[in-house]
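Chemist: Taken in sequence, the protein lines are chains L and Y.
In terms of the working numbering, the first sequence opens at residue 1 and continues consecutively.
In terms of the working numbering, the second sequence opens at residue 1001 and continues consecutively.
Treat the hints with care, as some may be off.
[To be verified] Result set (DSBU-like, lysine-lysine): computed pairs, CA atoms no more than 30 Å apart in a straight line:
no. : chain 1 : residue 1 : chain 2 : residue 2
1   : L       : Lys283    : L       : Lys222
2   : Y       : Lys1122   : L       : Lys317
3   : Y       : Lys1317   : L       : Lys283
4   : L       : Lys283    : Y       : Lys1283
5   : L       : Lys122    : Y       : Lys1122
6   : Y       : Lys1222   : Y       : Lys1247
7   : Y       : Lys1239   : L       : Lys283
8   : L       : Lys317    : Y       : Lys1283
9   : Y       : Lys1122   : L       : Lys239
10  : Y       : Lys1283   : L       : Lys122
11  : L       : Lys283    : L       : Lys239
12  : L       : Lys122    : Y       : Lys1239
13  : L       : Lys239    : L       : Lys222
14  : Y       : Lys1283   : Y       : Lys1247
15  : Y       : Lys1317   : Y       : Lys1239
16  : L       : Lys283    : Y       : Lys1122
17  : L       : Lys31     : L       : Lys219
18  : L       : Lys283    : L       : Lys122
19  : L       : Lys122    : L       : Lys317
20  : Y       : Lys1283   : Y       : Lys1122
21  : L       : Lys239    : Y       : Lys1317
22  : Y       : Lys1222   : Y       : Lys1239
23  : Y       : Lys1219   : Y       : Lys1031
24  : L       : Lys122    : L       : Lys247
25  : Y       : Lys1222   : Y       : Lys1031
26  : L       : Lys247    : L       : Lys219
27  : L       : Lys239    : Y       : Lys1283
28  : Y       : Lys1247   : Y       : Lys1122
29  : L       : Lys317    : Y       : Lys1239
30  : Y       : Lys1283   : Y       : Lys1031
31  : L       : Lys222    : L       : Lys247
32  : Y       : Lys1283   : Y       : Lys1222
33  : Y       : Lys1317   : L       : Lys122
34  : L       : Lys239    : L       : Lys317
FYI, nobody ran anything at the bench for these hints, they're computed from the structure.
Everything numeric in this text was worked out from a predicted model, so none of it was measured.
2 protein chains.
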Amino acid sequence: MTNPVVVEVTRGGRVESMHRGSAVVMDGGGKTLFSIGSVDAPVFPRSAVKAMQALPLVESGAADALGFGDRELALACASHSGEPAHADLAGTMLAAAGRDETSLECGCHWPMDQAAMIALAKTGAEPTQLHNNCSGKHAGFICTACHLGISHDGYVNYDHAIQGMIRDTMASLTGEHLGVDNCGTDGCSIPTYAVPLTSLAHGFARMITGSGLEPVRAKAAKRLVNACMAEPFYVAGTKRTCTRLMKTMPGRIFAKTGAEGVFCAALPEEGIAIAVKCEDGTKRAVDAMVAALVARFLTAGDDMRETLMAQANRTLKNWNGIEVGTIRVTDALS
Amino acid sequence: MTNPVVVEVTRGGRVESMHRGSAVVMDGGGKTLFSIGSVDAPVFPRSAVKAMQALPLVESGAADALGFGDRELALACASHSGEPAHADLAGTMLAAAGRDETSLECGCHWPMDQAAMIALAKTGAEPTQLHNNCSGKHAGFICTACHLGISHDGYVNYDHAIQGMIRDTMASLTGEHLGVDNCGTDGCSIPTYAVPLTSLAHGFARMITGSGLEPVRAKAAKRLVNACMAEPFYVAGTKRTCTRLMKTMPGRIFAKTGAEGVFCAALPEEGIAIAVKCEDGTKRAVDAMVAALVARFLTAGDDMRETLMAQANRTLKNWNGIEVGTIRVTDALS
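The following block holds chain L by itself, in its conformation from the complex (with noise of 0.2 Å):
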């Protein structure tokens, strides 16, 4: 199947660039409301799960029992900026676990957002794996290993008891099996296991209703992402897609974005959530698509569907502030 053109990108009236993908949006039951594209075909998810990934960190007790709030929780489903409060906060984790730095396998990156890496090369400082976006949850998997007694050397690896646990919980989300023949390594080392963007959607379903989830997984899961609605800042940052959906509509949007043009959603009072793939991976594309989809789904008086329409068509503007062109969603998704 070809995925329809969902994202155009105009300048001077005419479509310059556009953008293919595909998209759905289920419930907790598993029932499919919408779907365009290619949603059976496995995509790695990316960071786009890390909440599915921080719930061995509390429902193991080792959140409880290092004392981590919202935030703590949210940074460990988190793709941060490297603003200093993020590394900072990625460190404090670590400190409750009696760890640095040190411990982490992420790697380390200069701060992917240009505002905070010019920030922190004009301290003259360099990056560390604090700043690399993903030092919360590995920070989280540290804290779990040390709260079960499991060493966490290698907790990158696919055979460590952390990714085995982490499998566990999201092949039972999902529903899907996750094995060697459909893993990859992502950008921080750890595994990534393709699976359809059907079994996202309802992966999220679930976790922001509880169907089918056992008590403590039900509860774990409304914890962390309450925990990131309550703290979008932490999941993202400044001015960052996700910080800003969920600030957008406080307490009534879950927002995770992933490499490769991968993102999910979910709304918890509607019971539903979002799944979508640009394609080519890019990741003005998948803003558009997720703003536009989220707006759908609101009931029809909602306020909020025309702030989220704006988000998703919006005018470009060059380096003198001049209008010079559009992003906009096509009418496959509006």
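Place chain Y on chain L using the hints.
Modeler: Okay, now just chain Y, sitting in the frame of chain L:
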């Protein structure tokens, strides 16, 4: 026409993302040697045609009057990285015409290259318009206006004499109508005109072969192309694709990228030019496309074919340096 998949990005042995695009290879006589996808659909060439836009600087006599050599001419054709040598030379060009950075109308942005951005931030300085990747091109416009005794105020506007000269030059080279109806505004505020890839490839093939050009234009075109090939650092910068290609094959290739997935290249020895567009505007895709197409049109025993295919099909590593996947061109190109 649905453009074919031309580049795949893999992870864990699976295709994670894919890019569709169009490409054409032509000679100076207008013969099509290779074609794939919608090559007759108008595309905005953006910065890929800066060497065409620099022709009035040479043809007017401004370049000679101001003593510009290969470096200045290369910078006039550049989308540079904003490294100190780039910004300094743009300032020197303006000074030759008795002007300075305040005459530029391109706008200001941090160097687009991450390393250059970090290096500038570490100095504590803020970027100026000289760091704009188009500052050399704009300095060339201002120098041309000064040499011709025209006010350079508003030189970025469609109705300014400088843009009229560029429009006439490009219309003649490409054989296309350029006007308000196919005009958009570029990132640096000058007009950009949507024309078919075939016309772009034909135009560059004429620039390197002189086919059908008046002697003055043929000489100016050769001088600009030779300047870029002689000073590839000034066309882009450290680790940039255009610079790398021209350093890989000294004197044998002219290469120029443009925003939104456009790329033009020309092989003077073979007398052919290449124009490509990735429909989703992604840089990684066109970089691979161009390397593969150049390799395809080199003679069978050419050592460079293997070198170029290693640039087209390359390994992706994560933050820890672990191989996680590949970028590769599809059979449609290779």
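Chemist: Going through the earlier hints one by one, which of them does the structure break, listed in rising order?
Modeler: Every hint satisfied by this model.
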